[in-house]
Amino acid sequence: MLPRDPAGTTDRVSRDRSFKVGFADPDAVSDPRTKALIQNLEARTDATATIVDSTGEALLKHLADGNVDLAIGRFRSDSPWQTDVAFGPALTTHGRSADALELKAAMRNGENRWIMKVERASRAVAEPGAND
1321 MLPRDPAGTT DRVSRDRSFK VGFADPDAVS DPRTKALIQN LEARTDATAT
1371 IVDSTGEALL KHLADGNVDL AIGRFRSDSP WQTDVAFGPA LTTHGRSADA
1421 LELKAAMRNG ENRWIMKVER ASRAVAEPGA ND
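Residue numbers (this note's numbering): 1321 to 1452.
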């Protein structure tokens, strides 16, 4: 079935009915768009989000290694992590131009079915104009 998840993220989430979420920055936890994304993804997957205790660079390393399924935070569009993880569409954008920070989810590279599922959930809850 295409697209595929070489590491089986979507199948594992379906089987275990759980996915692991971390927050790259503490402010992301309380953002209403973050809560909406997690709820939307729980509904789409019939799984429950489990929050992991990790932040910042360590969280993105856990994500790249497959120990976390989703990292949510505020990232610059030119984040150095963009080659190591897959970023979803912005839920909101703070600031302007090159200094703008986008609240968005990051997923493990290559897990294309999971990435598509998170991208659809992100677009469903994104602030109007967040990705213009």
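In case anyone wonders, no lab produced these hints; they're calculated from the structure.
The reader is advised that the hints may include incorrect statements.
[What the hints assert, rightly or not] No more than 30 angstroms apart at the CA atoms, straight line, and that leaves these computed lysine-lysine pairs for DSS-like:
#, residue 1, residue 2
1, Lys-1355, Lys-1340
2, Lys-1381, Lys-1355
3, Lys-1340, Lys-1381
[Claimed, not checked] Quick list of simulated restraints, FRET-style, between CB atoms:
#, residue 1, residue 2, range
4, Asp-1398, Ser-1334, 29 to 37 angstroms
5, Ala-1384, Arg-1335, 16 to 24 angstroms
6, Ala-1418, Asp-1331, 34 to 42 angstroms
7, Gly-1449, Arg-1335, 24 to 32 angstroms
The structure displayed is predicted, hence computed values, not measured ones.
C-beta atoms are modelled at their ideal positions from N, C-alpha and C, and glycine is treated no differently.
So, going through the hints one by one against the coordinates:
The suggested pairing of Lys-1355 with Lys-1340 holds, with an alpha-carbon distance near 14 angstroms, which does not exceed 30 angstroms. Of the supplied pair hints, the one linking Lys-1381 and Lys-1355 holds, its CA atoms being roughly 23 angstroms apart against a limit of 30 angstroms. A hinted pair counts as satisfied when its Cα atoms are at most 30 angstroms apart, and Lys-1340 with Lys-1381 qualifies at roughly 14 angstroms. Checked against the hint of 29 to 37 angstroms, the pair Asp-1398 and Ser-1334 passes, with Cβ atoms roughly 34 angstroms apart.
Judged by the Cβ atoms, the range 16 to 24 angstroms given for Ala-1384 and Arg-1335 holds: they are separated by roughly 22 angstroms. A beta carbon spacing of about 39 angstroms between Ala-1418 and Asp-1331 agrees with the range 34 to 42 angstroms that was offered as a hint. At roughly 37 angstroms, the beta carbons of Gly-1449 and Arg-1335 sit outside the given window of 24 to 32 angstroms.
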